[in-house]
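Given the coordinates of chain X, assemble chains H, P and Y onto it according to the supplied hints.
Chains as they are written, first to last, in our numbering: chain X, 1342 to 1698; chain H, 1342 to 1698; chain P, 1342 to 1698; chain Y, 1342 to 1698.
Hints in this document: simulated from the structure, not taken from any laboratory. A quick note: this is a predicted structure, and the numbers were derived from the prediction, not measured. Each hint should be verified, as a subset may be incorrect.
Since copy identity is lost for identical chains, a pair holds within one copy or between any two.
Below 25 angstroms or equal to it, Euclidean Cα-Cα: the simulated PhoX-like pairs (lysine-lysine) are [to be verified]:
no., residue 1, residue 2
1, K1581, K1544
2, K1438, K1544
3, K1544, K1571
4, K1581, K1571
5, K1438, K1571
There are 4 protein chains.
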Amino acid sequence: MSSALRVAVIGAGYWGPNLARNFHNSADWELAAICDLDAGRAEALARRFTGTAAVSELSAVLEDPDIDAVAIATPARTHHAIATAALTAGKHVLVEKPLADSGLHGRSMAEMAERCGLVLMADHTYCYTPAVMKIRELIEAGELGDILFIDSVRINLGLIQPDVDVLWDLAPHDLSIIDFILPGGLRPLSVSAQGADPLGAGKACIGYLTLPLANGAVAHVHVNWLSPTKIRTMIIGGSKRTLVWDDLNPQQRVSVYDRGVDLQTQRVGGVDRRAAMVSYRLGDTWSPALVEREPLDAMAAEFAASIREGRAPRTDAGSGLRVLEVLEAASRSLAEAAAPPRGPEDPAARALVGELA
Amino acid sequence: MSSALRVAVIGAGYWGPNLARNFHNSADWELAAICDLDAGRAEALARRFTGTAAVSELSAVLEDPDIDAVAIATPARTHHAIATAALTAGKHVLVEKPLADSGLHGRSMAEMAERCGLVLMADHTYCYTPAVMKIRELIEAGELGDILFIDSVRINLGLIQPDVDVLWDLAPHDLSIIDFILPGGLRPLSVSAQGADPLGAGKACIGYLTLPLANGAVAHVHVNWLSPTKIRTMIIGGSKRTLVWDDLNPQQRVSVYDRGVDLQTQRVGGVDRRAAMVSYRLGDTWSPALVEREPLDAMAAEFAASIREGRAPRTDAGSGLRVLEVLEAASRSLAEAAAPPRGPEDPAARALVGELA
Amino acid sequence: MSSALRVAVIGAGYWGPNLARNFHNSADWELAAICDLDAGRAEALARRFTGTAAVSELSAVLEDPDIDAVAIATPARTHHAIATAALTAGKHVLVEKPLADSGLHGRSMAEMAERCGLVLMADHTYCYTPAVMKIRELIEAGELGDILFIDSVRINLGLIQPDVDVLWDLAPHDLSIIDFILPGGLRPLSVSAQGADPLGAGKACIGYLTLPLANGAVAHVHVNWLSPTKIRTMIIGGSKRTLVWDDLNPQQRVSVYDRGVDLQTQRVGGVDRRAAMVSYRLGDTWSPALVEREPLDAMAAEFAASIREGRAPRTDAGSGLRVLEVLEAASRSLAEAAAPPRGPEDPAARALVGELA
Amino acid sequence: MSSALRVAVIGAGYWGPNLARNFHNSADWELAAICDLDAGRAEALARRFTGTAAVSELSAVLEDPDIDAVAIATPARTHHAIATAALTAGKHVLVEKPLADSGLHGRSMAEMAERCGLVLMADHTYCYTPAVMKIRELIEAGELGDILFIDSVRINLGLIQPDVDVLWDLAPHDLSIIDFILPGGLRPLSVSAQGADPLGAGKACIGYLTLPLANGAVAHVHVNWLSPTKIRTMIIGGSKRTLVWDDLNPQQRVSVYDRGVDLQTQRVGGVDRRAAMVSYRLGDTWSPALVEREPLDAMAAEFAASIREGRAPRTDAGSGLRVLEVLEAASRSLAEAAAPPRGPEDPAARALVGELA
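So that you can see chain X by itself, here it is in the shape it has in the complex:
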């Protein structure tokens, strides 16, 4: 292997230490520096590794010609400025989810990376878990047939975030996973969002997203900060088989059910009739063994490979943008629903669906 690439982690808060540890342990990477405005925090993190500098000025990282890439783990509202500066300085960039705080900012980052010929990668960590990689592989191989529906639930007693609602906090996980496993990425025909704020927290603490897909399929996401039980389940219904991913069942995370409904078309009096001829398959269930690997380790490897091979990473800026656009459409849908006065016949409901631009 060629010599290791050198990376700086920007932001030593909640997520930065995880990135730092995985870059440090990766044969592909050398962890050159930790950068945080809070010098003490940068130092405390850098001290855990040998040969890693602590800096409190972003410019110190960007001006260092030996640094190949930066990994940004700062609040979303700062992503655009930092990534732009880094790309301008010729660094490859990895950005924690969501890619940016708006589609506008995200698109500007993606265009700049394109123009500079640099890698801009979204840190959609879940996509590098063994379960999600296996799901993508199965769908790609046609094991499920055509995707008919995806139902994702991610609920738990959760920290009410000061700056974002539950959709922006949790749904990026579901959306980035759906984008990753669907052959053409996540391209909903429209976005309809429902939210509730029963505690008066000033933002939705419960959120539902409905995303009609091509060919009559649908994806639905339920995220919730107020549930006393933790559920993280995704059901992916296909025309051939259906897959259930239960992320909280370490003994059987992924199950593939060879069950389903078959419709046969029948011409009756010159008209196609389908529903009349339903048959059910009740076949075996199968649960693939998953190779244990820390997802951030796989992501670090993919970041390095995409840089070396001059290609887009698996979770590229495009995937980050598609997630962002759904989130923005969801916010518009929520705002429209809330806008008109709620009359008894609720005309608001009619304006509801948040059509994607």
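Structure of chains H, P and Y alone, referenced to chain X:
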């Protein structure tokens, strides 16, 4: 006890036998007759009991002065005509869910019962399960505090019905339960429905309902005929405690979690701020013992009691109407969303998956 | 098919009605009579079927030349006398588990059936469940490799039986299943039993059975009347794969794990060493679809087939005897362990917990 | 608080780093040194902390007058020599489980600690988990009533250890927990062990322990290295309530069932009869909230407190000895069962309990 009331069961198909058996076993009732247009079917069912007549003409039942009540277990489109005839003949009426095939029909039935001073009861069977009766009791006693959200999931590989979509087939269960347990009944501010028909069955096989409630609360229902795994779960989040009902876990159907999020209002610079002051309760979980009783037996007893006491039954015509109105609003919501011509993606839809030529 | 065989069910208590219903529904059988000393009970059961006589005298059944077989569902202590009379009268015999109340009685019944050329079948109902039939089929096909261990747990809050301990009440299920699935039947090298009677009920309410098998394998059974949670699980470890049967998980009763430990023998300094070379397989899990069929229906079919084909049934007298012999050995093992006078701790035992004076 | 105590961790292999990290993080302790014969390993571990020395000679630790205590995390066969030297040098001693490789060694260590007036503590880590501390507290408060039975299962695909069998490897966990929660500690009336080595690994890979307790109660332990599914469950049946601890269910580890069997004594003809009068309680289930705390942190605190207060720690040498004695008795029980040479017909089996006819 006064002497038993006499009932005739109309319809000897899928549900009629269950009603017949429970009326037969009830001390409150004498099962006088089984009525079905198919005389053979009526006879086969009546033969299981002693002293029960089999008739194939509704008039034979309605003209019998010794019959106090009829229980209607025929297709929904026939409910209005049969119930109207029965009420006109002075019989009390129990109707299988849904109350009628339209709100118009339902309201006409309710008004006639009112006018005649007769009991019109909706057979919302789930409301008479020990679990739902306990949930109602706990909410009534204030154990959960104010209801913040209800999330109901009822999915399984299911028979695609010839005449109704998945919302009309399955959601009456969820809606009648929610109507039963909410102190003022189910009175959503609006109804938003999403459906999907990825198999091209001609009707929604997957359905989502979002029902904003007063005070920022929300109820959401997910029904699905295409899921390989069976889930029947309702989460009821309250300001004091949260309840989870898992109907498929006979060892612990109902769990009450003394967990949740508390927000404190704080005045900062003349402005109320809440989210900043969040605290979490992580208390005990408690699962009440449930007395085993067949729900239809409890329902038969309630039907008799309401007749004898001249009062509305627990699941009265009003509850049937509220369920019907949500279903109708859901159908309107689906129709509106589907209204615009789909354009270029339609032909694609025809090439669908699952097509078994 | 040749004309149906005619059977009489002896005993109309707890189990008899289940046998009667299944014989009645079987195309192989005609349910000729119900026999019970309590004439009213016999009549009540016979009335549910058309063409079934009710009799209170066993001789009426045995002297009827048109009756081919009897199914005995009376208390175990009566099995020997009734079966002997029936065989003498030339009837084929099915006996509810356990085959008899002692090995001596069981052997005498088996010998008489042999001598008379009649079928004597043990009603080991569990062996005819789809799960157990699939397990037997998988083991027979070599899917699990050699059987290394079987661990069976059958615990629940249970009725304390007046006449038998928990081993005689519940373990016949486990033992008959193990006998059915092991290629050569259940032939333990020894039987070691442990029991406990912590409530002072006068018999073991908790029981453990350890059954060393050939080649170092072992079977272990845990039965318990005092457990607040219901568990019915059997783990069958094989040299190639391991199977887990969870009878209370209708969605996935049988799971086959392609996981295990492989030992390689290595010659080190002229000595075989094995443990040093361990490797682990962590392969897929697979859960076969099971065809739904009521086990008693399959059993009735097997009883008819064995009579018609003049062959031993799948659960023949030999299997009933092997189960009986393990139960008898278990009772001896319990008695030996309890033999020495308990001395000073006995008075303590009387002061026990649970004593409600 | 008085100034921190100073501790050296002996052994930097598998368990030492966990001890080191917890002592380092504890306000009660200063992590003075890491000692390992392998100097490189000692250094690698010491480097993770500030102010912690790395030494490769035990004497360097024992001769340091500023060191108050040592924590021994070396193989069991070395515990006696190291602990004896440490006690002689006036150090308090914590020993990883099991306390020693024999009861003889364990007793000698306990006597020396007693003589020297020093603390000798067994590192029974599980006893310091929130679940086990809660169980002990509930039993102590009489919530379960008298203990009737304990059934412990600890099975998983496990590393076949080179030097010990599965009983010595895994059962110390179960035994130390049982010792901790039973009011008078674990004092079985006898010890019966069954083992199996179906792979020919040269030692038991599957083990069962039956421990009759006073008053007819019983404890049973199942440990297994060959199970494809991981189970860690303990059922503790009491005369008032029964507790189930499922260590793999983080959402509900401890459940208390208010269910059970009540026997009433009835005098019939001058004789006490009990079983005839059985009644069942089917009350609520309750699951206490457990405070999250790393068990080794609680253990480090208890070690410090016992030293400062000059008292025995909760898991003192006596508890370590009781566990050792059961393990030794179990090995004797296994050896007796296996004693005679295993011929083809296995005469050994005949010496066993429960001889088959």
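Hint check results:
Only between protomers do K1581 and K1544 lie at most 25 angstroms apart by alpha-carbon distance; the minimum there is 20 angstroms, versus 40 angstroms within a single protomer. Taking the closest pair of Cα atoms, K1438 and K1544 come within 25 angstroms of each other only inside a single copy of the chain (20 angstroms); across copies the shortest separation is 37 angstroms, beyond that limit. Proximity of K1544 and K1571 under a CA criterion of 25 angstroms is satisfied intra-copy only: 21 angstroms inside one chain copy versus 33 angstroms between copies. Proximity of K1581 to K1571 under the C-alpha cut-off of 25 angstroms is restricted to the inter-copy arrangement: shortest distance 18 angstroms between copies versus 30 angstroms within a copy.
Within a single copy, K1438 and K1571 get their C-alpha atoms as close as 22 angstroms, which meets the 25 angstroms cut-off; across copies the closest is 33 angstroms, which misses it.
Checked against the numbered hints listed earlier, the structure breaks none of them; every hint is satisfied.
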